[in-house]
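Asker: Since the structure of chain A is already known, use the hints to place chain B on it.
Protein chains in written order, with the numbering used here: chain A, 1 to 99; chain B, 1001 to 1137.
For the record, the hints were derived by calculation from the structure and aren't laboratory data.
Everything numeric in this text was worked out from a predicted model, so none of it was measured.
In this text, a Cβ means the ideal position worked out from N, Cα and C, and glycines have one as well.
It is possible that part of the hints are untrue.
[To be verified] Below, a list of computed lysine-lysine pairs in the PhoX-like style, where the Cα atoms sit at most 20 Å apart:
hint : chain 1 : residue 1 : chain 2 : residue 2
1    : A       : K24       : A       : K2
2    : B       : K1062     : A       : K81
3    : A       : K40       : B       : K1090
4    : B       : K1090     : B       : K1059
5    : A       : K11       : A       : K40
6    : A       : K24       : A       : K76
7    : B       : K1090     : A       : K44
8    : A       : K40       : B       : K1059
9    : A       : K44       : A       : K81
10   : A       : K95       : A       : K24
11   : A       : K81       : B       : K1005
12   : A       : K11       : A       : K44
13   : B       : K1005     : B       : K1117
14   : A       : K40       : A       : K78
15   : A       : K24       : A       : K78
16   : A       : K11       : B       : K1117
17   : B       : K1117     : B       : K1059
18   : B       : K1059     : B       : K1016
[Claimed, not checked] To spell it out: a stretch of chain A is covered by chain B in this simulated footprint if at least three of its residues, at any positions, have a beta carbon under 8 Å from a beta carbon of chain B; those stretches are:
hint : segment
19   : 1-11
20   : 38-52
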Amino acid sequence: MKLVAFVSDYKMTVDTLDRLKPEKLGIILVQNGVYHATTKENGKPSSLLNYSANYYVLQEDLETRGLSGANVLDSKVKVIKFGDIVDLLFNEYDKSAWL
Amino acid sequence: MATTKLGFVVQRPGYKSENPKLALTHAIASQSVEIYLQDGDLVTADIAFIGDGVLNCIKGQKAVENYDLNSTESHIKMALLLDLNVLVCKEDLDRYGLSESDIVIDAPEFGADMEVKVVPYSEITQMMEEMNHLLFF
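Okay, chain A solo, but in the shape it has when bound:
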């Protein structure tokens, strides 16, 4: 299964991602999930970035929170727009989940 998961919170209260074993995993950081891509707590990147996955972050939600500078973004994460999400859902992944 090719799965793309939307992460919309900064502090996750579920371990669903640990339980999923898709052949291909994409993680799209939206809403407050964008802090995973930008914020280092005590100098450490978010543990959410430790999965073997393709990471994306929504540009509009970065900018809304004042996080538009490329220097604040983890190098694993690709910045995308709403239109790119549609392309990913239709072309790259079979299923989507919202965490």
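Answerer: Quick look at chain B alone, frame taken from chain A:
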């Protein structure tokens, strides 16, 4: 004559929920109750950002451009315009690698004289002890 002191403590990041912005709108609205007060009575409001709440203070928020929403940043600036005491926890800023240059500090374009104060958590604790009512968001 009496002064009622309100303390608003914001401990969550913004936008996904209205919660942090509500703290600011409530604090701002508290300054419009004069008509219900006796002469000489006052209501003051202090706002403190702690924990993940300090992420609300990052400057350069483009909420209007992207979602047609007033930004939390502009609400903080409105609070400064009304001379509200806005405190940001230094330890929590440090935890996220943020400094004063990353956050909203003043609002000269709004004509505000007040500035955001970055203070150690001990000062925020002191502020909370001085309040008559504390509201957590």
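Asker: Which numbered hints turn out to be false for this structure?
Answerer: 9, 11, 16
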